[in-house]
Structure formats: structure tokens, C-alpha cells
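Here is how the chains run, residue by residue.
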Amino acid sequence: MIQPAATDLVTVNIDGREIAVPRGTNVIEAARRANVDVPFYCYHPKLTIVGNCRMCLVEMGMPAVDPATKAPVMDPATGKQKINWGRGPTIACAANVAPGLHVRTTSPVVRECREGVMEFLLINHPLDCPICDQAGECKLQEQSTGYGRGYSRYIEQKNVKPKRTLLGPRVMLDDERCILCSRCVRFTKEIAGDDVLGFTDRGSYSTLTCYPGKRLENNYSLNTVDICPVGALTSTDFRFKMRVWFLRQSNSIDTESSVGANTLVWSREGVIYRITPRQNDAVNDTWMADSGRVLYKDVRGPGRLASVHVGGTESALDLAVRAAGELFAAGSVAVVGSGRSSLEEQFLTRKLAEAAKAKAWLVSRVGEGDRILVSADRNPNVRGALVTGLISALPGAALGELGAAIDSGSVRTVVSVGEDLAAAGLSPAQLAKVSVIYLGTQANATSDAAKVVIPTLTVFEKNGTFVNQQFRIQRFAKAVPAPAGATDDLVALSRLVGAAGGPELGSDVGSLWPAISAEVPALAAMSYANIPDTGLLLDATPWAGLAYAEGPALHFKPAAPGEAAHG
Amino acid sequence: MPAPEQHRLIFRHIDEVGYSNDLACYLANGGYEVLRKAVQRKPEELVDEVKKSGLRGRGGAGFPCGVKWSLLDRKSGKPIYLVVNADESEPGTFKDRYIIHKDPHQLIEGIMITCFANKVERAYIYIRGEFPDGAKILEKAIAEARAAGFAGPNILETGYGCEIYVHRGAGAYICGEETGLIESLEGKRPYPRIKPPYFPAVLGLYQCPTIVNNVETLCHVKHIAGMGGESYSRIGTPGNTGTRILCVSGHVQRPGYYEFEVGKVTMGQLLNEVCGGPLPGRTFKAVIPGGSSAKVLRFGERYKGKRKVGAEMVDFDWGVEDIPMDFDSLALAGSMGGSGGVIVMDDSTSMVEALGNINAFYSHESCGQCTPCREGALWMKKITARMVHGEARPEDGALLKSVADQIAGRTICAFGEACAWPTQSFTAKFGDEFKGYAQAKKAPRPDGVAELV
Numbered sequence: 003m004i005q006p007a008a009t010d011l012v013t014v015n016i017d018g019r020e021i022a023v024p025r026g027t028n029v030i031e032a033a034r035r036a037n038v039d040v041p042f043y044c045y046h047p048k049l050t051i052v053g054n055c056r057m058c059l060v061e062m063g064m065p066a067v068d069p070a071t072k073a074p075v076m077d078p079a080t081g082k083q084k085i086n087w088g089r090g091p092t093i094a095c096a097a098n099v100a101p102g103l104h105v106r107t108t109s110p111v112v113r114e115c116r117e118g119v120m121e122f123l124l125i126n127h128p129l130d131c132p133i134c135d136q137a138g139e140c141k142l143q144e145q146s147t148g149y150g151r152g153y154s155r156y157i158e159q160k161n162v163k164p165k166r167t168l169l170g171p172r173v174m175l176d177d178e179r180c181i182l183c184s185r186c187v188r189f190t191k192e193i194a195g196d197d198v199l200g201f202t203d204r205g206s207y208s209t210l211t212c213y214p215g216k217r218l219e220n221n222y223s224l225n226t227v228d229i230c231p232v233g234a235l236t237s238t239d240f241r242f243k244m245r246v247w248f249l250r251q252s253n254s255i256d257t258e259s260s261v262g263a264n265t266l267v268w269s270r271e272g273v274i275y276r277i278t279p280r281q282n283d284a285v286n287d288t289w290m291a292d293s294g295r296v297l298y299k300d301v302r303g304p305g306r307l308a309s310v311h312v313g314g315t316e317s318a319l320d321l322a323v324r325a326a327g328e329l330f331a332a333g334s335v336a337v338v339g340s341g342r343s344s345l346e347e348q349f350l351t352r353k354l355a356e357a358a359k360a361k362a363w364l365v366s367r368v369g370e371g372d373r374i375l376v377s378a379d380r381n382p383n384v385r386g387a388l389v390t391g392l393i394s395a396l397p398g399a400a401l402g403e404l405g406a407a408i409d410s411g412s413v414r415t416v417v418s419v420g421e422d423l424a425a426a427g428l429s430p431a432q433l434a435k436v437s438v439i440y441l442g443t444q445a446n447a448t449s450d451a452a453k454v455v456i457p458t459l460t461v462f463e464k465n466g467t468f469v470n471q472q473f474r475i476q477r478f479a480k481a482v483p484a485p486a487g488a489t490d491d492l493v494a495l496s497r498l499v500g501a502a503g504g505p506e507l508g509s510d511v512g513s514l515w516p517a518i519s520a521e522v523p524a525l526a527a528m529s530y531a532n533i534p535d536t537g538l539l540l541d542a543t544p545w546a547g548l549a550y551a552e553g554p555a556l557h558f559k560p561a562a563p564g565e566a567a568h569g
Numbered sequence: 055m056p057a058p059e060q061h062r063l064i065f066r067h068i069d070e071v072g073y074s075n076d077l078a079c080y081l082a083n084g085g086y087e088v089l090r091k092a093v094q095r096k097p098e099e100l101v102d103e104v105k106k107s108g109l110r111g112r113g114g115a116g117f118p119c120g121v122k123w124s125l126l127d128r129k130s131g132k133p134i135y136l137v138v139n140a141d142e143s144e145p146g147t148f149k150d151r152y153i154i155h156k157d158p159h160q161l162i163e164g165i166m167i168t169c170f171a172n173k174v175e176r177a178y179i180y181i182r183g184e185f186p187d188g189a190k191i192l193e194k195a196i197a198e199a200r201a202a203g204f205a206g207p208n209i210l211e212t213g214y215g216c217e218i219y220v221h222r223g224a225g226a227y228i229c230g231e232e233t234g235l236i237e238s239l240e241g242k243r244p245y246p247r248i249k250p251p252y253f254p255a256v257l258g259l260y261q262c263p264t265i266v267n268n269v270e271t272l273c274h275v276k277h278i279a280g281m282g283g284e285s286y287s288r289i290g291t292p293g294n295t296g297t298r299i300l301c302v303s304g305h306v307q308r309p310g311y312y313e314f315e316v317g318k319v320t321m322g323q324l325l326n327e328v329c330g331g332p333l334p335g336r337t338f339k340a341v342i343p344g345g346s347s348a349k350v351l352r353f354g355e356r357y358k359g360k361r362k363v364g365a366e367m368v369d370f371d372w373g374v375e376d377i378p379m380d381f382d383s384l385a386l387a388g389s390m391g392g393s394g395g396v397i398v399m400d401d402s403t404s405m406v407e408a409l410g411n412i413n414a415f416y417s418h419e420s421c422g423q424c425t426p427c428r429e430g431a432l433w434m435k436k437i438t439a440r441m442v443h444g445e446a447r448p449e450d451g452a453l454l455k456s457v458a459d460q461i462a463g464r465t466i467c468a469f470g471e472a473c474a475w476p477t478q479s480f481t482a483k484f485g486d487e488f489k490g491y492a493q494a495k496k497a498p499r500p501d502g503v504a505e506l507v
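Residue numbers (my numbering), protein chains in the order written: chain P, 3 to 569; chain C, 55 to 507.
Chain P extracted, bound-state conformation (with noise of 0.2 Å):
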């Protein structure tokens, strides 16, 4: 059976190719799902369209009728309806999609139109390719080989700009390199919020700045260079430190808030140079915070531990399990999971929980959202954490009731899950109290503390997932290799597990998934491999009442505040 066409799909020519595309989308995407590549600079497809740039100047015309009868007009030559092409060429960015249209991207005209646009472009552009940064992911690069002159007919004098603008704390700005396109003017305004950026002198001599008395310096400021199409806004910490096409990107999520915005993690060598948005139109479109941009740093930042202790020496890893064997085996153990762990962790640390008999505790990190890309709850997988069943109801504020089960002896054990028990309410006198397991990357009050340490990886160095706010199950990968010393905490946690007399499990994400899509309802029938890139949103209705400290956000609206409460 032939299923009626959807009503919002509208079938268009692009250059002699019939394509049915949703209603309402303009002729670079309609291209694009045409597999026509419609270059362009200014448009951009999460920002206004204001069409200065001209490089996607196509020709479009729409069938004839008649005027009278409204009958279609026959061309005798092709024997199909003659198209009524328009005066000249239109811009594709600033067109909709109409039934019937259709658009030619290769003709002699359109051809011209990129060329002398092209050649407009370069003009007064410095050519520095070989000490831009830009170089290599530069559209003007780009694009100059498909439709620029090899050769320059310009024998002028350049103009000159300022070369090295501190537009705020991170990104820089030569203006020379700048075309124009207002992307980050925008970006600044529709996005971000923080109108602050403007052009002043006009024509050729244009000039992108601040606004007097003001800087681009709000928490979203480098996707202004991320959506510079050329190398005029350049990130102060990026800059001339690694040619582009050196590096390798590894998918990735931000760890700072429960958002769980895409990004890609740029390394070279075992050495991460950046991180910049990964596209989810569902989370982050193509945005994420400054903020979310150096937490690579904590890779090869001070404090990193490198190695196995035990009761203050440096050990082994199979010492340091048996020593927490013994640790457990004397009981009045509690567990400390993290918001911050993956759901593969919590659900090891579920199962440790389990085998040791001790309940298991959550680190509650609420702060401020900022309604776009960072949410109150900082920690990125709270709701991992509900999923796996570690834990049944929000974390609370501090682990009050904890220190005083240390208080009264009930708890004589505690292993933290890449917790800093100090920094989460317990006092020194209470650490000094109780055996302290710690697994984590970084060097603190509980690590000294710690009778038994065992360094782990960072979100870079491991592969697994995280339960986002909107219940989406995101994956992340392994960027860069773990440091010499440290053991991937899945494999740390189901050692646990063993030394307290736990089952067999999985140590990575591959085998650790069956049994977790065994055991945890909202997993079931999924695997580890079957999560898109892009995630995948699980049911949440089990966990519907609870009071979630998010407040709406880009792509995001939590449910009623009284629903929550009352739930």
C-alpha cells in the first residue's frame, strides 16, 4: 500500500532532483538532504538569518500556470511544466521551501556568484593561512578551493585593522581576518543573552568590537570562536598551540552540570588540546559553556594521583583489594557513590554496596543554573545514579547522617567513590575515625586520610555514560590513554566487589552491559553499542515525583514545581 504523503513534506528540484523535505526548510538544508552542498558563511542554522555573506546566491524559479486559469504551462521542448526562473540569483539561506520549487546550484550563473564572492572575500584578507589557527577547519580555506582564483587580480593596497584584539578573558580577535558574517554578534545577542558585541566604521573598513565600557566575557563566549568561520576570533587558550588536523576527536560528554552537553575532546599524542560543542539538537545544539572548555586541564593538572597506596606506602593494586577485603569482611562499611561516577560505576558501586552490606550515600552538588547550558545540579549523572538503583531518592545537602553513624561506630568503613568526604561535611575527627577506601584521580583531604587509595581515570580516559537531566543516556569515549599508575575505576569497583564477597562481573562497559540491561528495568533491551550518538532518552516515570533542583533551561522544562512536590 502506498502511504498518502505527510502532509508537511513539500517535494522540490534541486538541480533536476525531485526531494520531498519538511514544510519550512530553507534551501541550504533542502539541499543538504539532497546531498548539494550550498556553501555559505553568515547562515547558520541556530541563529537569525540576515544573508550578508552572499555565497549561497542560487537560482530558484517556480513552475508556470497560467494567470487566467491557473492551468499549468507546458514547455513543448521537455514536454514538462516550463519553470518561471526568477530575475537573477536569490539567496538559498533566506528561502523556504515552496511545492514545486526548483533551484539550480551549478549553473554558469551560480558558479560566478560563489567565484566573485570568493574573490571579494580574499581581497583584503590577510592570507596568513600558515600562522592561523583557523587553518585547516576554515571555510574561507575551504571554499577557495572549490571557487577561488588560484591567482589575485588585486593589486591595491590592503586594509588594515587591528590585529590583536582582547575582545574578553578568552577570545581574541584579529580583525583583519574577519568577513563580516555577524555570526558571533549574534550569537552574543540571540544566545548567550549578552549583547555586546557590534560593528562600528562602515563599509570595507568594518570593524568588529565591544560595545564601550564592555567585554565578551559571559560563560558562552567561546562559541563565538567555535562559529567564526574564518580565524578573526580565536580562543586564548588554544591559540598557536596545535595545527588541527593533528588532533583527534573523541565523542564526549560535559561533565559540569546535569545538562550533559555533546562535546568533542581534540588530542594529539595522549595530550588533550581542546574541547569544543558536539551538535545534539536535543541538548546543546551546537553551544556549551566556557566553563565545560578547561576541565581537560584536571588530566595533567597537580594533584593527579599516580599511585596505589595502602596505609600510607606506596602498594599494588591486588594489596590494596585485599586490604579493603579486609576492611569489609570486619563490616559497618558505607559506601559513598558519585553524581559524578558513570552508570556503569553506580551500578558497580550499587553491587558493592550490596556485597558489603552498607548503604550507599550520594554527593548532592546544587548550585546556580544559568538557563542555558549549566543546570543547578552539577553533577552530570544524579540520575544515573536513580536508574541504577544506587540510590532511591535525591542526595541531600551534606552526609550529616553519615558523620554520625561514624559519631556513634555504627560505621567503621567508608569507601568513597571519587568523593571528597571532607569537602562533603565529614570533619577530620571523623575521617580519622573510620578505614577510608578512596577511589579518584585527584589528591585531597580524604586521599590523605585514606587507608587504602586506589587512583582511577578521569572522564576522559575511560569510556562509559551518563543519565542527563532530561533522562537522556549519553555515552562518552576515551579520549586520551589513563596516566601510568591508575587503574580504570570499572575495573577498581568489580575487584571491590569480588574482595567483599560480591559476584563476578564485568570490568568494562561491554561486558559489564549485559547485566545491566539484565538487571535494571529502564535499561532493558539496550546495549551499550545501540546508543546513539546523540543518546537516547529513557522513561522517567518512575522517578517523576522527585524534587530535581533544575530549572528550565535550553531544551529543557522541568516538570510543574507543585507535581514535583506534592509527587
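Errors might be hidden in some of the hints.
What the hints assert, rightly or not - Here are the simulated BS3-like pairs of lysine-lysine, each with C-alpha atoms no more than 30 Å apart in a straight line:
#	chain 1	residue 1	chain 2	residue 2
1	C	Lys-173	P	Lys-84
2	C	Lys-129	C	Lys-190
3	C	Lys-105	C	Lys-156
4	C	Lys-106	P	Lys-191
5	C	Lys-106	P	Lys-72
6	C	Lys-91	C	Lys-106
These are computed hints drawn from the structure, not numbers from a lab. For clarity, every value in this text was computed on a predicted model and none was experimentally measured.
Chain P is already provided as a structure; the job is to place chain C on it using the hints.
Using the frame of chain P, we list chain C on its own:
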């Protein structure tokens, strides 16, 4: 054939001894009588009169005024605005300034009739920054009209009210482009908007339906309302009705402003008889008929083809002198009526230097929003400046043309054409001069020609 007499409709009282720009003088000469009658009629009738009149916009594009009004989105429920384009900046044009300076109440009456006809309750006069006196005169005139009940709340006791505000520009040519003007009026940089979707008739000022009309056009509306669209349409020629103010500047004996029925006077009559012909010992070389952005016409050229007269197609074979000064005929000759600024150049003029001057203007005025005009206008200026002040290469003419060809038709607004057309037409029609300029500029300059600066 002798030149016809001037037909002064708009400029009827201009230069009249004793005529002043205050309300008393205007009233003594029958002022606001048309408005009095107009507000007793149905607004739709007035719109129909303007449609019947065949009035075409006097700002430059020559778009039919009645059609423009009928495109207004009247169903949106949003307020409708009238924006008066008094940003008269096209080089060679100086008609609106005289209306504003000498007969501001005529404009105000035209505005009020237009507002009443289109149910507009707020009108803005956007006057260019270089007209400080004009702005003061308008503000005084508006205050007078308001005090006398011709503007403001409850106009002539009808219950209908409309306020007029004067907004001064800051000195940018692009503010004459209607969407650039609207942006500027909203307090932003005057970057012209993309059309679609931002047609002023639908999404204009503050995203509301907006009429943008030129000063002279609105004055014509007053006369149309006064005499009726039918009678008005009998002035001028079919398709080019009414009168037109022509601003003649450059190498003629009597430059100035002249008002004729559209299409009744030819270029030759205008320059040779009305303006007294070329300066002594000189001959005409070229003329730009509609403001500096219009394509230049070269004396000695022939324009041939067929044109519509009544219902028939008739052959025409014109020299520059034979072209009737109306929108359609000038378009047939490959140029345009534009803003009515006729710029005359005689044989003492170097076309390379003249183009250099025009290019300097347009490169300075390009807003910088879209690529072809922003980069192309400055490039063309740099080429002509180099030719004049530095080394001129024989291939520069071809390069100039090629650059101009990459601009026209590819920009957000009509400025692309405005800056490309001079270069395209100068290089096409005076190509030899561009080729030989390196030699020509070594020769001594003709007598009476100013030295280059």
C-alpha cells in the same frame, strides 16, 4: 521643437517673491483646503484616487505609489506607520530639500492625507543629518500645523488623530534605502533588511506594516487628492503621469531645478533650451539622467528599438537629446529616471576622473553588510584612485567592469546596483578613455578645469 513651458505643481510657489514657509502664508495661498475636504471622504476613496492617478514614486525606483499602498498588510491588527523618506542623498538631487525649506506645509498636508487614507496614526519624517535647517523648519511647521488642528489629535474636529515626528539621520547615504532607513529609525545600524521576508508593507518599522514614501511623492498625493486621480493622470504621459522635478547640475549655462510634465520634455530641450546649453566653447559629452547611480548616457549614442505608445508598438531611434525625460523612456535608453538628478558633463571632463569621484562616494557610503558591495565598492574606488593619482594600466577598465559585474544583482539592497552601474556604464561607453588614460593624463589640463586634489 521648442521646449514646453514648465508645469509647476509642487514648486508652484517656490521662488515666488514674498512666499514664506510659515503657516499663515500657506493658508493664504489655499493651504490645507485639500486636507479639509479629504477628511470628509472615505479613506478607501483616497487610496483609489492615488491608484487612478498612476503616480510613480519619486525617490528613485519609480514604483507605483497606489500599488505600494495596496500591498499593506491591513489585517494584521498591528498599527500602520508612514515613514517619509527625506534622506535625499543621491548626488545630483536637490528637490526634496527645496520642498522642505520653502514649502514644508505642502509636505505636511500630503503626509496627513496619506495617513488619513491609510489609517495611519503615526508618521515619521526621516531627514538626512546634513539637513539641520530642514529639520528645524519641519519641526516648526509641524508645531504650527498641530496648533491649528491640521495634525496631532482630533484633526479638524474629525476625531481622527495622527502625530508626525521628525527624526534626523546621522549622515549615511544608505539610510535612504527604505529598510536601512527603518533600521536606523529603530535605533540600529542602518543595515538594509533581506527581502523576503522583510517587506516594509508587511514587516516594516517595529515589524509593523509600513509605507515608506519620498517627500516629493507625498506632495503629489496632496495634488491628486485635490484635483482627483483622473485629472492628475492626464498630466504627463500615460504610464508616467504628473509632473517631475528635474535637478540639473554640471556643465550647463543655467543649472537648477525645473518642474515639467513627465515625458513632455526631452533631454535635448532640457539641456539646450531650458538650461541654456553648454558652457561657452564646450560641447556636451555625457549626462547622468537620474542621480549619480544611474547609468551614464553618451552624447552621440543612438538608442533604437520598439516602444509602446498607447496600445501599439512603435519604433524609436533616439539620440541622447531625443530621450523624453520619463521613467520608461530613460529605461529604454538603458538608464533610469531615478531621483531626477541630471548631471551634465562636457568635453573638458575626464571620465576616469569623474568615475573616480563617483566611486569614492559609493565606497564611502557602502554600509558594509554584504560582501559584494562592501568589498567591490572599495576595490573599484582604489582602482580609479590609483589610475588618477598613480599608475594607470590599460587593463584597468576591463578589471573595473569585471568587479562591477560581480556586484550588481547579488546584494541585499539596491546599493549594489547603485555602485556598480556607474562603473559598468562608464567603462562600457568610454572604454577608450580608460585604456588611454595613462597617456591622456600627461597632457595639460584644459583651460578652466580644476586641478586634481
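Cross-check of the supplied hints:
no. : hint                    : verdict
1   : Lys-173(C) x Lys-84(P)  : violated (42 Å)
2   : Lys-129(C) x Lys-190(C) : violated (36 Å)
3   : Lys-105(C) x Lys-156(C) : holds (28 Å)
4   : Lys-106(C) x Lys-191(P) : violated (46 Å)
5   : Lys-106(C) x Lys-72(P)  : holds (28 Å)
6   : Lys-91(C) x Lys-106(C)  : holds (18 Å)
In this structure, the hints that do not hold are numbers 1, 2, 4, in rising order.
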